[in-house]
Amino acid sequence: MDAQELIARRIAQELREGMLVNLGIGIPTLVANYLPAGLHVYFQSENGLIGTGSVPDPGMAQPRLTDAGGKPVSALPGACAFDSAMSFALIRGGHLDMTVLGGLQVDQQGRLANWTIPGKMVPGMGGAMDLVTGARRVIVAMQHNAKGKSKIVRECSLPLTSARIVDLVVTDLAVIDFANGRARLLETAPGVSVAEVVTATEAELEIPADVPEMQL
Amino acid sequence: MDAQELIARRIAQELREGMLVNLGIGIPTLVANYLPAGLHVYFQSENGLIGTGSVPDPGMAQPRLTDAGGKPVSALPGACAFDSAMSFALIRGGHLDMTVLGGLQVDQQGRLANWTIPGKMVPGMGGAMDLVTGARRVIVAMQHNAKGKSKIVRECSLPLTSARIVDLVVTDLAVIDFANGRARLLETAPGVSVAEVVTATEAELEIPADVPEMQL
Amino acid sequence: MQTISLADAVALIPDGASLMIGGFMAVGTPEPIINELVRQGRKNLTVIANDSAAPGRGIGKLITARAVSRLIASHIGLNPETQQQMLAGELECELVPQGTLIERIRAGGAGLGGVLTPTGIGTSVEEGKRKIEVNGREYLLETPLRADFALVGAFLSDYLGNLQYALTARNYNPIVAMAADTVIVNAESIVPTGVISPDHVMTPGVLVDYLIAHE
Amino acid sequence: MQTISLADAVALIPDGASLMIGGFMAVGTPEPIINELVRQGRKNLTVIANDSAAPGRGIGKLITARAVSRLIASHIGLNPETQQQMLAGELECELVPQGTLIERIRAGGAGLGGVLTPTGIGTSVEEGKRKIEVNGREYLLETPLRADFALVGAFLSDYLGNLQYALTARNYNPIVAMAADTVIVNAESIVPTGVISPDHVMTPGVLVDYLIAHE
Numbered sequence: 008m009d010a011q012e013l014i015a016r017r018i019a020q021e022l023r024e025g026m027l028v029n030l031g032i033g034i035p036t037l038v039a040n041y042l043p044a045g046l047h048v049y050f051q052s053e054n055g056l057i058g059t060g061s062v063p064d065p066g067m068a069q070p071r072l073t074d075a076g077g078k079p080v081s082a083l084p085g086a087c088a089f090d091s092a093m094s095f096a097l098i099r100g101g102h103l104d105m106t107v108l109g110g111l112q113v114d115q116q117g118r119l120a121n122w123t124i125p126g127k128m129v130p131g132m133g134g135a136m137d138l139v140t141g142a143r144r145v146i147v148a149m150q151h152n153a154k155g156k157s158k159i160v161r162e163c164s165l166p167l168t169s170a171r172i173v174d175l176v177v178t179d180l181a182v183i184d185f186a187n188g189r190a191r192l193l194e195t196a197p198g199v200s201v202a203e204v205v206t207a208t209e210a211e212l213e214i215p216a217d218v219p220e221m222q223l
Numbered sequence: 008m009d010a011q012e013l014i015a016r017r018i019a020q021e022l023r024e025g026m027l028v029n030l031g032i033g034i035p036t037l038v039a040n041y042l043p044a045g046l047h048v049y050f051q052s053e054n055g056l057i058g059t060g061s062v063p064d065p066g067m068a069q070p071r072l073t074d075a076g077g078k079p080v081s082a083l084p085g086a087c088a089f090d091s092a093m094s095f096a097l098i099r100g101g102h103l104d105m106t107v108l109g110g111l112q113v114d115q116q117g118r119l120a121n122w123t124i125p126g127k128m129v130p131g132m133g134g135a136m137d138l139v140t141g142a143r144r145v146i147v148a149m150q151h152n153a154k155g156k157s158k159i160v161r162e163c164s165l166p167l168t169s170a171r172i173v174d175l176v177v178t179d180l181a182v183i184d185f186a187n188g189r190a191r192l193l194e195t196a197p198g199v200s201v202a203e204v205v206t207a208t209e210a211e212l213e214i215p216a217d218v219p220e221m222q223l
Numbered sequence: 024m025q026t027i028s029l030a031d032a033v034a035l036i037p038d039g040a041s042l043m044i045g046g047f048m049a050v051g052t053p054e055p056i057i058n059e060l061v062r063q064g065r066k067n068l069t070v071i072a073n074d075s076a077a078p079g080r081g082i083g084k085l086i087t088a089r090a091v092s093r094l095i096a097s098h099i100g101l102n103p104e105t106q107q108q109m110l111a112g113e114l115e116c117e118l119v120p121q122g123t124l125i126e127r128i129r130a131g132g133a134g135l136g137g138v139l140t141p142t143g144i145g146t147s148v149e150e151g152k153r154k155i156e157v158n159g160r161e162y163l164l165e166t167p168l169r170a171d172f173a174l175v176g177a178f179l180s181d182y183l184g185n186l187q188y189a190l191t192a193r194n195y196n197p198i199v200a201m202a203a204d205t206v207i208v209n210a211e212s213i214v215p216t217g218v219i220s221p222d223h224v225m226t227p228g229v230l231v232d233y234l235i236a237h238e
Numbered sequence: 024m025q026t027i028s029l030a031d032a033v034a035l036i037p038d039g040a041s042l043m044i045g046g047f048m049a050v051g052t053p054e055p056i057i058n059e060l061v062r063q064g065r066k067n068l069t070v071i072a073n074d075s076a077a078p079g080r081g082i083g084k085l086i087t088a089r090a091v092s093r094l095i096a097s098h099i100g101l102n103p104e105t106q107q108q109m110l111a112g113e114l115e116c117e118l119v120p121q122g123t124l125i126e127r128i129r130a131g132g133a134g135l136g137g138v139l140t141p142t143g144i145g146t147s148v149e150e151g152k153r154k155i156e157v158n159g160r161e162y163l164l165e166t167p168l169r170a171d172f173a174l175v176g177a178f179l180s181d182y183l184g185n186l187q188y189a190l191t192a193r194n195y196n197p198i199v200a201m202a203a204d205t206v207i208v209n210a211e212s213i214v215p216t217g218v219i220s221p222d223h224v225m226t227p228g229v230l231v232d233y234l235i236a237h238e
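Chains as they are written, first to last, in this note's numbering: chain A, 8 to 223; chain B, 8 to 223; chain C, 24 to 238; chain D, 24 to 238.
So here's chain A without its partners, still in its complex pose (with noise of 0.2 Å):
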């Protein structure tokens, strides 16, 4: 299994019954994949639609239907359209049970930096200031380094995305949370060791007694 399957393998066990779930671009993306069987989750395109389906077969494409990136997808059958500030009252309003989203950084009280690198990328937030304000649950779905590096800091040295502190962060080391205000380690990968995500994280870590290994 890859790592981005690992994630997206991982992130699909937190979905509910009867969830509204918005996932963003990458691995994310991945995590309709993955929907439990017989589990029935709404998932919202920010751009106007709750019920989205899968990519429409060769030549089925409806250019009036797309997800975020303008993608063409298919729609479920109970879907809804509606307009942007429709769309942005669901997520700032508190009534998207959870988000996924991609990071550059997560800090070790929990908050989140993945919209910009400062005169390198400027893509601009789109909607993730809202979604990470206003979403019930925050996932962070992410590598847990890059070029060797944690993402997992003391501090994020990048702009953050909301002062709002997210919910849990999977890697393809780790499930980490913050709900004592504090990164806290709460599973490890299969075949990685707590004392291999502790030195592979800068944030400090908060070990309990027992970490599982994640049942994938």
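None of these hints come from the bench; they were simulated from the model. Glycine included, every Cβ here is placed at the ideal spot set by N, Cα and C. Incorrect hints may have been included.
Label pairs and their calculated CB-CB ranges [what the hints assert, rightly or not]:
1) Leu-35/D with Leu-35/C: 50 to 58 Å
2) Glu-24/B with Glu-54/C: 55 to 63 Å
3) Met-128/A with Glu-161/D: 43 to 51 Å
4) Glu-149/D with Gln-20/A: 31 to 39 Å
5) Gln-116/B with Pro-78/C: 35 to 43 Å
6) Glu-149/D with Ser-147/C: 30 to 38 Å
7) Arg-160/C with Glu-162/A: 37 to 45 Å
8) Glu-150/C with Leu-46/B: 39 to 47 Å
9) Gly-112/D with Ile-32/B: 54 to 62 Å
10) Lys-152/C with Lys-66/D: 16 to 24 Å
11) Glu-162/A with Leu-35/C: 45 to 53 Å
12) Ala-30/C with Leu-46/A: 25 to 33 Å
13) Asn-40/B with Arg-160/C: 31 to 39 Å
Given chain A, work out where chains B, C and D should sit, using these hints.
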């Protein structure tokens, strides 16, 4: 011609092609009856419709299609329905070309009181405050006097509807505007002299050299 | 979303609850829910709605039953009982300009801390409120409204709770459906999922907690 | 509402005008109007829109043509030319959180002096903005946006300019249609008045100044 018809007929002359117009209850509602032939005007009902038509024929009333008083109306071809947030976005956002409302008092600067007589009549302001604040043109339709007392006063003794100056007051005796920051007599009703209007009016009236009679 | 019987839905609402109720002069108000609230004898309710309709219609029935101790509304002029109870000090009544009321509810549902409106400046409505100047113009800061329950009247619901309203019965319904902890819907017709086009859904089913099953 | 040819509609827009443009990654953007702006060589435009799409698509064509000197958007990440022009100092770019951007445009169209949002608190977005506390929580005061022109892409228009949008092509279109001095619409199909049900009209025709006639 009775006083109400006279007022309504005169106000109907203020309608222009393509205008979006909101008519309050009472005399203002009558204005629609005197729409000049060939003129195309959109009437908004603040409970959520543009394109309000006349009272339906017997047996044709639709309980989900009413005016702001809950009375059945019809809808013209090209009508559209919307929610209350949209309805007041239209009103407050300057999209409403004209509103016609009843009045209890108008002061000599042009400020309207029309929503409450404290301790006696507390119906609530409904949409009146938004209409007077937001409409491009505000016309007050009312009797010049009530119980022998002028309703065009030096200073409103009743609570104001808005700090905004109304554009025109049409009564059974006169047409008055406030373009110069004070009440100015523009027209008299047929058979009514300027002196009679002045006598009947508590507010100080500016009297131009030429005050024509209403042309109905 | 779950389906529920009318009696069970209303049993969820305790005495003293705050309710946002859709409808405008009872048009679009979920009348069966109102009737059942009266039947079950609910008391001491806070009601947030455009108006109190008229005796015998919509919210007017709650007023007659003296089920309401506090009302936030824009207009009570067509219900003399509301005015009598208010003037007698039996009903606490906050009157709010209609465009302000709907924006306060929208803000509550959209996660906004408030909106700035020019409506009410220079009138008694500004009492006790913060005034904020933007681009040289003064506005009132109006704060969000939320409620424990939203009672929504729809024309159509599909099996997932996607709602469509008809004509002027839409009014406050889609806005209150976003601003309450628990959303209870009575639909005139229930249709299979897919019957309402995605473009015609006015309230997404994910906002609905309970859809009242027809008997 | 009047009908107008594409060329005449675009001729109304002077160099230096501010434009709100509907669409999300070019989906719902009125492509014929964009093409004609490029053909007529318009310059120095201010564009307010969700994003700058991608080269060769929607607003991306205006960026490539260097018709835009100022952009207010939430996302430019899928158009490398926008980022290059911005980093080279040739394009002034204000990046706004998407939910804030759409509320600012809505406020501009709805006559609100601003809205309070929690989005951006504790980030660089709060620089230069007023912070206001409501019920113990801090919010940013975000002010209204308006433009000289709104360029709207609809799926259907009737003869009166009543508009319906399709699926995710709705996005910013109905909101920008309320927030500009002059509203120009390109509809994919034009249908007789009455074909669109009153309940399915998403932008009332009274908001439309010019509907582009098909050739």
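So, going through the hints one by one against the coordinates:
1. Leu-35/D with Leu-35/C: 50 to 58 Å: Since Leu-35/D and Leu-35/C have Cβ atoms about 56 Å apart, the given range 50 to 58 Å holds.
2. Glu-24/B with Glu-54/C: 55 to 63 Å: With Cβ atoms ~41 Å apart, the hint is violated.
3. Met-128/A with Glu-161/D: 43 to 51 Å: At roughly 28 Å between Cβ atoms, Glu-161/D and Met-128/A fall outside 43 to 51 Å, so the hint is violated.
4. Glu-149/D with Gln-20/A: 31 to 39 Å: holds, 36 Å
5. Gln-116/B with Pro-78/C: 35 to 43 Å: This hint holds: roughly 40 Å between Cβ atoms.
6. Glu-149/D with Ser-147/C: 30 to 38 Å: Given about 34 Å between the Cβ atoms, the range holds.
7. Arg-160/C with Glu-162/A: 37 to 45 Å: holds, 42 Å
8. Glu-150/C with Leu-46/B: 39 to 47 Å: Taking Cβ atoms as reference, Glu-150/C and Leu-46/B lie about 42 Å apart, which means the hint holds.
9. Gly-112/D with Ile-32/B: 54 to 62 Å: holds, 59 Å
10. Lys-152/C with Lys-66/D: 16 to 24 Å: violated, 45 Å
11. Glu-162/A with Leu-35/C: 45 to 53 Å: holds, 46 Å
12. Ala-30/C with Leu-46/A: 25 to 33 Å: holds, 31 Å
13. Asn-40/B with Arg-160/C: 31 to 39 Å: Because 37 Å falls inside the window, the suggested range holds.
Against the hints set out earlier in the document, violations occur for numbers 2, 3 and 10.
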